Amino acid sequence: MRRAAFILALAVAVAALLVVSPCLGAYPVSVEEVFGILWSHLLGSPPGDRADFVVWDVRLTSSIMAVVAGFALGVCGSAMQAVMRNPLADPYTMGVSSGASLGAIMAIVLGFSIIPGLSGNAMTVCNAFLLSLIPMTVILALSALKRMTDTMMLLCGIGVMYFFSAASSLLMLLADPTQMSAVYSWNLGNIGTGYWENLPTMAIPTAACTAALLLAASRIDILTSGDQLSHTVGVDPFKVRILSSLTVSVMVAAVVSFTGTIGFIGLVSPHIARAFVGSRQSFLMPASGLVGALLLLAANDAARMIGSLPVGVITTIVGCPLFFILLIRYRRSQWV
Amino acid sequence: MKEDEFDDGYLRFIRHKVTFILAAVAVVVLAAGVSCLVDGRPIGVLDVYRIIIDHILGTEYEFATPEYWDDFVVCQMRLPRVVLAIVAGAALSTCGVAMQSMMSNPLADPYTTGMSSGACLGAVIAIAMGFAFTGPSVYGIMGMSFLMSLVPALIIILLSRIVRTSPATLILLGTIMSYLFGAVNTLILVNQEGETLSAAYLWTVGSLDNVIWSDLWIPVVLSTAGCAAMIFMSGKLNVMMMGDDQARSMGLDVDNFRTVLLLVMSLMIASIISFTGILGFIGLVAPHMVRMAIGSDNKFVIPASMALGAALLLVTDTLARLVIYPYELPVGVILMFIGGPLFLYVVVKHNGYGGMY
Numbered sequence: 001m002r003r004a005a006f007i008l009a010l011a012v013a014v015a016a017l018l019v020v021s022p023c024l025g026a027y028p029v030s031v032e033e034v035f036g037i038l039w040s041h042l043l044g045s046p047p048g049d050r051a052d053f054v055v056w057d058v059r060l061t062s063s064i065m066a067v068v069a070g071f072a073l074g075v076c077g078s079a080m081q082a083v084m085r086n087p088l089a090d091p092y093t094m095g096v097s098s099g100a101s102l103g104a105i106m107a108i109v110l111g112f113s114i115i116p117g118l119s120g121n122a123m124t125v126c127n128a129f130l131l132s133l134i135p136m137t138v139i140l141a142l143s144a145l146k147r148m149t150d151t152m153m154l155l156c157g158i159g160v161m162y163f164f165s166a167a168s169s170l171l172m173l174l175a176d177p178t179q180m181s182a183v184y185s186w187n188l189g190n191i192g193t194g195y196w197e198n199l200p201t202m203a204i205p206t207a208a209c210t211a212a213l214l215l216a217a218s219r220i221d222i223l224t225s226g227d228q229l230s231h232t233v234g235v236d237p238f239k240v241r242i243l244s245s246l247t248v249s250v251m252v253a254a255v256v257s258f259t260g261t262i263g264f265i266g267l268v269s270p271h272i273a274r275a276f277v278g279s280r281q282s283f284l285m286p287a288s289g290l291v292g293a294l295l296l297l298a299a300n301d302a303a304r305m306i307g308s309l310p311v312g313v314i315t316t317i318v319g320c321p322l323f324f325i326l327l328i329r330y331r332r333s334q335w336v
Numbered sequence: 337m338k339e340d341e342f343d344d345g346y347l348r349f350i351r352h353k354v355t356f357i358l359a360a361v362a363v364v365v366l367a368a369g370v371s372c373l374v375d376g377r378p379i380g381v382l383d384v385y386r387i388i389i390d391h392i393l394g395t396e397y398e399f400a401t402p403e404y405w406d407d408f409v410v411c412q413m414r415l416p417r418v419v420l421a422i423v424a425g426a427a428l429s430t431c432g433v434a435m436q437s438m439m440s441n442p443l444a445d446p447y448t449t450g451m452s453s454g455a456c457l458g459a460v461i462a463i464a465m466g467f468a469f470t471g472p473s474v475y476g477i478m479g480m481s482f483l484m485s486l487v488p489a490l491i492i493i494l495l496s497r498i499v500r501t502s503p504a505t506l507i508l509l510g511t512i513m514s515y516l517f518g519a520v521n522t523l524i525l526v527n528q529e530g531e532t533l534s535a536a537y538l539w540t541v542g543s544l545d546n547v548i549w550s551d552l553w554i555p556v557v558l559s560t561a562g563c564a565a566m567i568f569m570s571g572k573l574n575v576m577m578m579g580d581d582q583a584r585s586m587g588l589d590v591d592n593f594r595t596v597l598l599l600v601m602s603l604m605i606a607s608i609i610s611f612t613g614i615l616g617f618i619g620l621v622a623p624h625m626v627r628m629a630i631g632s633d634n635k636f637v638i639p640a641s642m643a644l645g646a647a648l649l650l651v652t653d654t655l656a657r658l659v660i661y662p663y664e665l666p667v668g669v670i671l672m673f674i675g676g677p678l679f680l681y682v683v684v685k686h687n688g689y690g691g692m693y
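Line by line, the protein sequences are chains A and X. Quick note: the first sequence uses this note's numbering, first residue 1, plus one each step. Quick note: the second sequence uses this note's numbering, first residue 337, plus one each step.
Excised from the complex, chain X in its bound form:
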């Protein structure tokens, strides 16, 4: 009798969280459809889904018929961008959750710790060294990007092992590092191609423009694998949340676990950032919104943040394309608008005993 009551209570407890995740997924599907509507050729809302499903089922159209062009526009021109937005949003939010838990630091995310800027600088260095975006040299770009994103990761590891820094100091270091990387990035890009400051700007702000299918599989595969790994390790992440000493006393090999986590995150971040440039704050905004809604058990927070991050990036990207249509804003500017105030809020809220300082 008692056990049944307990089970009921637990089920209710879970149901609330699962509903949240499902709702977020529904928003993603909806936003994906809407995002496919923007640009030129007018296509109905429901038609978009039909076209996508038909395409997946392998329907062939005769060349140059209206159906052919509908299919071409949706699946070749608009869908890659949507897929990239979903993958990038999901992966960056997952990294955000993992970082916040790992460092027990509410402000940590790929952007504020400087890993995104490192990855971005790596990609720019590789391009400047002459790797192109298509063909086998994509691996070169990704590889450099991965290596450079390890620099901030290494500093985080060293700082947490050798000196005890407060979380705030760590974030400050990360922010400064991203300024530094951004400046070096500009230096390289400007020297390379004459006056390409706008290219430098797009890299540092992030934009989902100009993606094609053949590039996409690397971020998709790496991010999916990374997210799966994070979900798998969510129990350990929960333990890490209580701080290094507590986690050690619970029998977790903290230092090695942190190294593994940072490696996985560097891979995920590099695979995305080398295509989009730095997309800031997704990893900060999505997890905090999720935690406000469903608490902080990482088993649920990770999938929920994935869905919410994807939805957020899709919506902001669609907004960025609509605000000054037919031109588009870099999506990073809009993210910064949401992220700045939230950053401030987190700083002020987590002040005090047991806080970050």
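Chain A on its own, in the form it takes in the complex:
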């Protein structure tokens, strides 16, 4: 009951911040105006003036994208930490995001599709998905061959990430050497101005994959207590691990294709949520997703208020100290 209340409260907070967000920024718009504009769009007669453009086409799309991306990253982080049994895992530190972003850049800059015959957003997301599988495969394969500690998995992820982000920088710079700032904000993660037409490509995979992960929540819970134990209760840890990694990759690909690699949201959100709802995945996943949405939305607002800053800068500044604390705290304790 307490958990459900917490999740509900989070959802309300996200909705409230979503309405306030369009007011924040260089061009002043009041809350009443925002409500007016939203109402007029719902009625089907948009005013079409400057305030309408700023609120509806720029800030609201950006905010909704932030919510979707934050939610997806939060859910992924929660699932990955459980599946890898590593409190420091998240799509960013494991290199999944950087793989996805390389795939997306291949599609956007070179127009190259790994699966022939695709175009547009489908091509971008498919490329991103396929390349995001590489880091996870590398890490899972290595951990099957050798005994890997938590920190070592992370270091592998970081090594892969260096390589992939160098590759994507190179691709973008080869295409247009004057575009350094674009490369940089992509590598840091930038939501900027959203586009309505991109939203479904992001939101539908996120919703579908979240549903899939929620269905598997009880099995993922069992996985947390170790491979041997899950064998004894009849859950194949290998299968669960592979399937949930695939699901996570789809979600990350859908998000990263439009935002670049945003760090630390997936790492921090599960830890915050866990403090309130405990570590049962069926509660933790939605809670972590909502915390992620709230954090990324707030970071996006802050980035817009400071002006032309990639949102990744804010998430990094907030996320790094938290990572520090987690790293020192979990240094010896057995994590379950």
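Please note that a few of the clues may not be correct.
Unchecked claim - Going by beta-carbon spacing under 8 Å, a handful of chain X positions derived as facing chain A:
{"no.": "1", "residue": "Val374"}
{"no.": "2", "residue": "Thr511"}
{"no.": "3", "residue": "Ile512"}
{"no.": "4", "residue": "Val526"}
{"no.": "5", "residue": "Ala536"}
{"no.": "6", "residue": "Leu538"}
{"no.": "7", "residue": "Ser585"}
{"no.": "8", "residue": "Met586"}
{"no.": "9", "residue": "Pro677"}
{"no.": "10", "residue": "Val684"}
Unchecked claim - In silico lysine-lysine, DSS-like type, Cα no more than 30 Å apart, as pairs:
{"no.": "11", "chain 1": "X", "residue 1": "Lys635", "chain 2": "X", "residue 2": "Lys685"}
{"no.": "12", "chain 1": "A", "residue 1": "Lys239", "chain 2": "X", "residue 2": "Lys685"}
{"no.": "13", "chain 1": "A", "residue 1": "Lys146", "chain 2": "X", "residue 2": "Lys635"}
{"no.": "14", "chain 1": "X", "residue 1": "Lys353", "chain 2": "X", "residue 2": "Lys572"}
Please keep in mind that the hints were generated in silico from the structure rather than gathered at the bench. These numbers were taken from a predicted model, which means no experiment stands behind them. Every residue gets a Cβ at the ideal spot worked out from N, C-alpha and C, and that includes glycine.
Place chain X on chain A using the hints.
Chain X alone, transformed into the frame defined by chain A:
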């Protein structure tokens, strides 16, 4: 008789290493010549060396003759960059060797421990506070850069004195610290000059662009002094390689030695990074390549890494300028390409008993 045989064996043992060092130095000289060929005005390969030697000998040319322009282009426009590449490569690799030995950690280097990013952030803070790059305020930039590079160094010292962290944790902390510093760096630069994200990017990736002679002497002097000090201390570094407890039992004052080393390294790193931005992985790649070739006696590893690091940075920098000529890539991107896989390799290889975890 026996002693002679022993001497012969030892000489052969040494010769192999000295040959390696000499070969690396030869590569540096060659790469320096080639690097001077890039950009605009066509000048022959051998002419470059002749022009440089003539310049050093003090030959004067009449203004605006072809010889004058050859001399000007090579010595004023191209050579500073080459010198900076050599100095930066040598100093960063030396720091890499010293760090790896000091922490007995194969992954340590100025970049992975966060010291480079600290130095870079310091330089950016100083520039944002209004110090300019020319004139006496270069010291201001260097000073800030030095101070900020001490932050990660301090954390390393504290962690190794108070809590026993595994080497992997230390590197993880360093990496995260460099993310943090990089983000703060972007925040400052973007606020300062409107939309200068590309400037922020160049700082975090590192580039050897836009150097002039009058700036160069500080990194040259500090790095040379630092490298000399490291070579001088290579025996102690060898002892440190066996771990703190062993080193203590051999009579080395481990804590103080580590502090001295970190101070020297901070100076070297600050003097370079404040001009180039963060050049990652040189300190990781060069020493590991050297150790694969000639073993891990620091007396040889340090000079060899200096030469190899300089050669590596020169070659990658030349590559970075040629790939999309007439534009240039930031050299850091190419370094990251080599460094990422090597990083992964070292992580996987040094796993297991007696390893880092």
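Determine which of the earlier numbered hints do not hold for this structure and return their numbers in increasing order. Violated hints: 1, 7, 8, 13; rest satisfied.
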